[in-house]
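As they're listed, the protein sequences go chains A, B, C, D, E and F. Each residue of the first sequence is one higher than the one before, starting from 1 at the first, in UniProt numbering. Each residue of the second sequence is one higher than the one before, starting from 1 at the first, in UniProt numbering. Each residue of the third sequence is one higher than the one before, starting from 1 at the first, in UniProt numbering. Each residue of the fourth sequence is one higher than the one before, starting from 1 at the first, in UniProt numbering. Each residue of the fifth sequence is one higher than the one before, starting from 1 at the first, in UniProt numbering. Each residue of the sixth sequence is one higher than the one before, starting from 1 at the first, in UniProt numbering.
None of these hints come from the bench; they were simulated from the model. Glycine residues also receive a C-beta, built at the ideal position from the N, C-alpha and C atoms. Take these hints with a grain of salt, some might be off.
[Stated by the list, open to error] With the C-beta cut set under 10 Å, the calculated list includes, among others, these residues of chain F facing chain E: (1) Ala21; (2) Leu28; (3) Pro39; (4) Gly97; (5) Leu214.
[To be verified] Calculated lysine to any residue pairs in the SDA-like style (CA-CA distance at most 20 Å, straight line): (6) F:Lys35 to E:Glu204; (7) D:Lys100 to B:Lys14; (8) B:Lys14 to C:Ser58; (9) C:Lys19 to A:Ser47; (10) A:Lys14 to C:Tyr36; (11) A:Lys19 to F:Pro297; (12) B:Lys19 to B:Leu2; (13) E:Lys176 to F:Gly33; (14) A:Lys74 to C:Met1; (15) F:Lys235 to A:Ser58; (16) F:Lys176 to D:Leu32; (17) A:Lys14 to F:Ala294; (18) A:Lys14 to D:Lys35; (19) C:Lys19 to E:Pro297; (20) A:Lys14 to B:Ser47; (21) C:Lys14 to E:Gln180; (22) D:Lys99 to B:Tyr87; (23) A:Lys14 to B:Gln40; (24) A:Lys14 to F:Pro297; (25) B:Lys19 to D:Thr298; (26) C:Lys19 to F:Lys35; (27) E:Lys35 to D:Leu179; (28) F:Lys35 to A:Asn38; (29) C:Lys19 to A:Gln40; (30) D:Lys35 to A:Gly54; (31) A:Lys19 to F:Ala294; (32) C:Lys74 to B:Tyr87; (33) C:Lys14 to A:Asp95; (34) E:Lys235 to C:Tyr36; (35) D:Lys99 to D:Gly164; (36) A:Lys19 to D:Leu179; (37) F:Lys99 to A:Tyr87; (38) C:Lys4 to A:Asp95; (39) C:Lys74 to B:Leu2; (40) E:Lys99 to E:Phe245.
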Amino acid sequence: MLNKAKKVVVVTEKILLDKVVTLAMAAGATGYTAVYANGQGHRGVRSDALSGHGEIFSNVKIEFITARPEVAQKIIDGVVSTYFGNYSGISYVEDVEVARTSQF
Amino acid sequence: MLNKAKKVVVVTEKILLDKVVTLAMAAGATGYTAVYANGQGHRGVRSDALSGHGEIFSNVKIEFITARPEVAQKIIDGVVSTYFGNYSGISYVEDVEVARTSQF
Amino acid sequence: MLNKAKKVVVVTEKILLDKVVTLAMAAGATGYTAVYANGQGHRGVRSDALSGHGEIFSNVKIEFITARPEVAQKIIDGVVSTYFGNYSGISYVEDVEVARTSQF
Amino acid sequence: MDVLLEFFHTFLTQFQTPTLAFLLGGMLAAALGSKLDIPDAIYRFCVFMLLMRIGIQGGMEIRGGDIGAMLLPALFSAVIGMTIVVLGWLTLARMNGVKKDDALATAGLFGAVSASTMAAAMFMLEDEGIYFEAWVPALYPFMDIPALVLAIVLANMYLSKKDGSTKRVAIWPIVKESLQGPALSAMLLGVAIGLFTRPEAVFEGFYDLLFRGLLTVLMITMGIEAYQRLNELRKVAHWYIAYAFVMPIVHGLIAFGLGYVAHVLVGFSPGGVILLAIIAASSSDISGPPTLRAGIPTANPSSYIGSSTGIGTPVAIAICIPLFLILGRWVFDL
Amino acid sequence: MDVLLEFFHTFLTQFQTPTLAFLLGGMLAAALGSKLDIPDAIYRFCVFMLLMRIGIQGGMEIRGGDIGAMLLPALFSAVIGMTIVVLGWLTLARMNGVKKDDALATAGLFGAVSASTMAAAMFMLEDEGIYFEAWVPALYPFMDIPALVLAIVLANMYLSKKDGSTKRVAIWPIVKESLQGPALSAMLLGVAIGLFTRPEAVFEGFYDLLFRGLLTVLMITMGIEAYQRLNELRKVAHWYIAYAFVMPIVHGLIAFGLGYVAHVLVGFSPGGVILLAIIAASSSDISGPPTLRAGIPTANPSSYIGSSTGIGTPVAIAICIPLFLILGRWVFDL
Amino acid sequence: MDVLLEFFHTFLTQFQTPTLAFLLGGMLAAALGSKLDIPDAIYRFCVFMLLMRIGIQGGMEIRGGDIGAMLLPALFSAVIGMTIVVLGWLTLARMNGVKKDDALATAGLFGAVSASTMAAAMFMLEDEGIYFEAWVPALYPFMDIPALVLAIVLANMYLSKKDGSTKRVAIWPIVKESLQGPALSAMLLGVAIGLFTRPEAVFEGFYDLLFRGLLTVLMITMGIEAYQRLNELRKVAHWYIAYAFVMPIVHGLIAFGLGYVAHVLVGFSPGGVILLAIIAASSSDISGPPTLRAGIPTANPSSYIGSSTGIGTPVAIAICIPLFLILGRWVFDL
Ligand SMILES: Nc1ncnc2c1ncn2[C@@H]1O[C@H](COP(=O)(O)O)[C@@H](O)[C@H]1O
Ligand SMILES: Nc1ncnc2c1ncn2[C@@H]1O[C@H](COP(=O)(O)O)[C@@H](O)[C@H]1O
Ligand SMILES: Nc1ncnc2c1ncn2[C@@H]1O[C@H](COP(=O)(O)O)[C@@H](O)[C@H]1O
Ligand code: NA
Ligand code: NA
Ligand code: NA
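Bound conformation, chain A alone (with noise of 0.2 Å):
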């Protein structure tokens, strides 16, 4: 009954979020997931600032689980080359087994 699926996670700053929800459904994911984070990576400390700077000091986590492999490194590739470059980020691949295949 579960199915083998790929779950592309992708940490960046928050005012990305649409924009790469954009781009990997135009990849071909059929949905996601999304939480605020904080966070450090080489681009220093990235927390929840107090001001309209929110928005910029700190990160969403995004998920998009896919039955089709191709689609998780079209995400991946997608964002690192779009925005990546100027923006803080990570973006990493995980195996998952899904219930209800036909949805992913």
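Keeping the supplied structure of chain A fixed, place chains B, C, D, E and F with the ligands upon it in accordance with the hints.
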């Protein structure tokens, strides 16, 4: 020191948090971790609404770690059959390796 | 283009966020991503309390991606031995595949 | 003729009251794609303050007053709430392309009450200098709960029959869940505090002081929300739009009629009759939806929340408030 | 006999003050399973406003006044805070089934101060027209910090001895962490602003204006929290319940006595004596717990937070406030 | 000599106004490692209230007044905004170690406007009893948008040329994004409400009542934020520090000059001239950064946000407000 275990993830409507946790505990889960989330799937966009509907139009992501694969399967089956007919949601499993297995 | 790496996940008390991050960085982590979380384990329910106790009775979920398995092991060992005697918490590892390995 | 002129005049004046202007402003801002956004914590605090203020005042009034006078209006409130649900079953639920359970959920929300619409109506009456018993807003649960319970019971009876199953719906859990919701809890806590303690100073210096302003903040939020929920309605049958436009007026008229009976029988004040009509015309936006989502899981929330928040509330505030003010003036010669 | 009558009368009146009513209302709502909930952002803002208001007023008073008068009461505050911890060590820590480190953490919280209890006491005195020096609330840190430091030091000495290790506890980091906490920071910032600038207009038109109302919101929150923490107490020894019921009164009496000495020696006002007693009777609910969680990691937070928030605060507000008011009236013949 | 003395006196007095004191207090608290923290929801609500209050008042004034008088000041505002960007290009962008796109983003922020600095200046003028047309704050978007648009267009032209590409920048999306941002949306909504409805009661009893107090809360937040952003500046060239210290004064002087011309030509009030100078001296802290992050993705936010929030805003409030007050007094003999 690390031992294989399963992580069951359920992303669904916020109002189902308590119910899904109860179902999973009855199925043998020993704990859970939950975060609020936005998202989109085949039932449309679900984001933190402003009003009281926040409960209805936004999501929660619940994770159950269990050392027993049959518990994982039972949680997924229970959630899918009990709730996913009428409520938005997805569910999947990942392989993890836990410290202190006796806890799970 | 994708390379194997480990994701260490630590779910513990909110007040330990800074300390666990410092420990992990000292063990060789190159960054982290953190979200606030509710949960329940063998020490009871932990949810966003109303008052200043929010810090004490709610959780944080911290993730460290590292390309070096021995760093993953070191983080887990350190957190378990330093904190999990007196504080609530769990820790586990997952296999992931990262883009741009040089970052981790 | 005069009445018509007066209607348009009152109507226009009402459009200039800040309450309505803030609602329309919120809708307009959302329509223009503005990122204006009242934080959720502030929204919830505004609701809390509003209902505490209404509750405390009601409690202080009941303390001083004659509780017996509340009995008939309370009974009528329950009758109105249930009548609205039955009406929805006889109209909306029979339409083409409308699922029976969606229709009942919608009728449940329209039978239930909107605290912010009620607050806006209270202001209007105060501004116009029209007296009403301060316990009238405390009729809220007497209309709200019977409507929600009846909608859920009917929907489950219908679904059981369709499935051929015979499980019964427990009523008490629904009542309990309603009473425990943040809206009704705050109002009941306010009533208790008004009834048993001496909150006059903090009532005037805080809850009442900030009431009018916080209502404007709430109105902006409701406006933004209304616009967003309108979008949901695109996905469902057009009958919801017709229902949500027309029925608040019908519901208000029914309540006005019963209120008039109470006026004649037990001296219910003209202001109370107007307020009761607007309470009936209003549709629930805070406490109702979660109760229905749990109580009628098969119903599509886009249909009932879209109808209520997207159309019902704006219609209640923009049309029903001036309408029943004029009707009251005319009937009671105010 | 008269005194007893008066006690019951004051006690009853106190039950009708909104402050206490809101606390009990919050407890009751939580007990009845209500989903009433003050958003965390609002709660934290209320605490901020309260402590800024207290701080600014204290600062303005110190600016105009005689700082020397503060010396003895400040010294006594530190003595009281430390005495409370020692008392806890001699009583609670000796009981059956009570872990020594849990007992010390609990005594630390009871030696520390609750800003909201203090604010409630200030209101009561203002309502009763009893004067107190506006710098009295600024004694807060002088009692709070020594209590927390001593509790942590004693616990760590005890644990080291048990382990046979000899590591010493650094005191300055604990003091620093206390001062940097959101509660004390806000109060000290307020003191600085009151001392060095002219904040009269904004004090009266904002901080003081909203103080009383925001305190009621805080009280509801404390009530909900108290009920939830009571549950935690079920898991620990019954001695915590006895301690949390009885000791606030004992702590208040000690402070009343020392305050009386200051009254005789340096003219500390009767209102100041009463307030000092209530500050001592109060137990920390905001800043203390995180400091102790970090400082005594082995102690079970359910025990000390359950005792303080679940029982200590309600007892301080419901019993100690009227009690020390009456005692003050009687002793000083007010 | 007298002028100098007066400068120091005004300067000192300004340091004692709560507005500045709260800003410095916030910076100091952050510098001392305090965990004092205004919840994000409260911060956003303060910004909303401030801009609604400013907008409503502007709208009410425009309703009653002569809109023609706004034309020249509005035109000058646009000229000032764009001049500031060009100046940045001619100065900061030429410095060693400064990336051209970082410099343009920084100049864009300094050409844009800080609502909180503007609000602080309005208070100061009201406190000093200096009249200004209530529509002056509504000049905000006329300076803000042209500055942001020009900075983004120039940066993209520069980057395209460097790449050898020839893509053009669409201007309308930038304007739209600015207008849709939470800050400008709130102000424009306020203007509309002030213009078309009768919000006098709620304006006085709520928005204006809480304005001064909420500004102090905002100032604490800006202070904490300023300190944190100062840290970011350590990573970038020192020229940013020099620019952020000196240019607000230069920008203010340019605006003062143009304002004086408007004074002579169309009778723009002395208070209006002073306020225009301070608006020009201010640098954007809320709406500008996200627009620039999206519009000039290659620019390093640490450089421009560090300069603006870390230095620009404190300089505008602590130095430019008293400076232009004195200059105005002296020039207009107030
Ligand atoms: N090694 C890591 N482990 C987990 N999260 C990371 C790691 N490195 C970076 N991140 C996340 O990715 C965000 C952007 O990273 P960076 O672009 O490297 O600054 C950080 O703020 C973190 O949230
Ligand atoms: N392909 C996907 N990847 C990640 N999350 C998803 C995906 N599909 C659905 N979800 C999440 O599950 C929720 C419910 O999905 P649905 O029932 O399909 O509307 C969505 O709001 C998302 O948060
Ligand atoms: N089986 C589990 N699955 C998922 N999360 C868990 C599990 N057990 C514990 N946790 C998380 O770890 C926290 C601390 O656990 P504990 O120390 O067991 O009370 C809990 O509050 C949960 O957030
Ligand atoms: Na209704
Ligand atoms: Na104490
Ligand atoms: Na500027």
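Q. So which of those numbered hints doesn't the model satisfy?
A. Checked against the structure, the hints that fail are numbers 4, 6, 7, 12, 32, 33, 34, 36, while the rest are satisfied.
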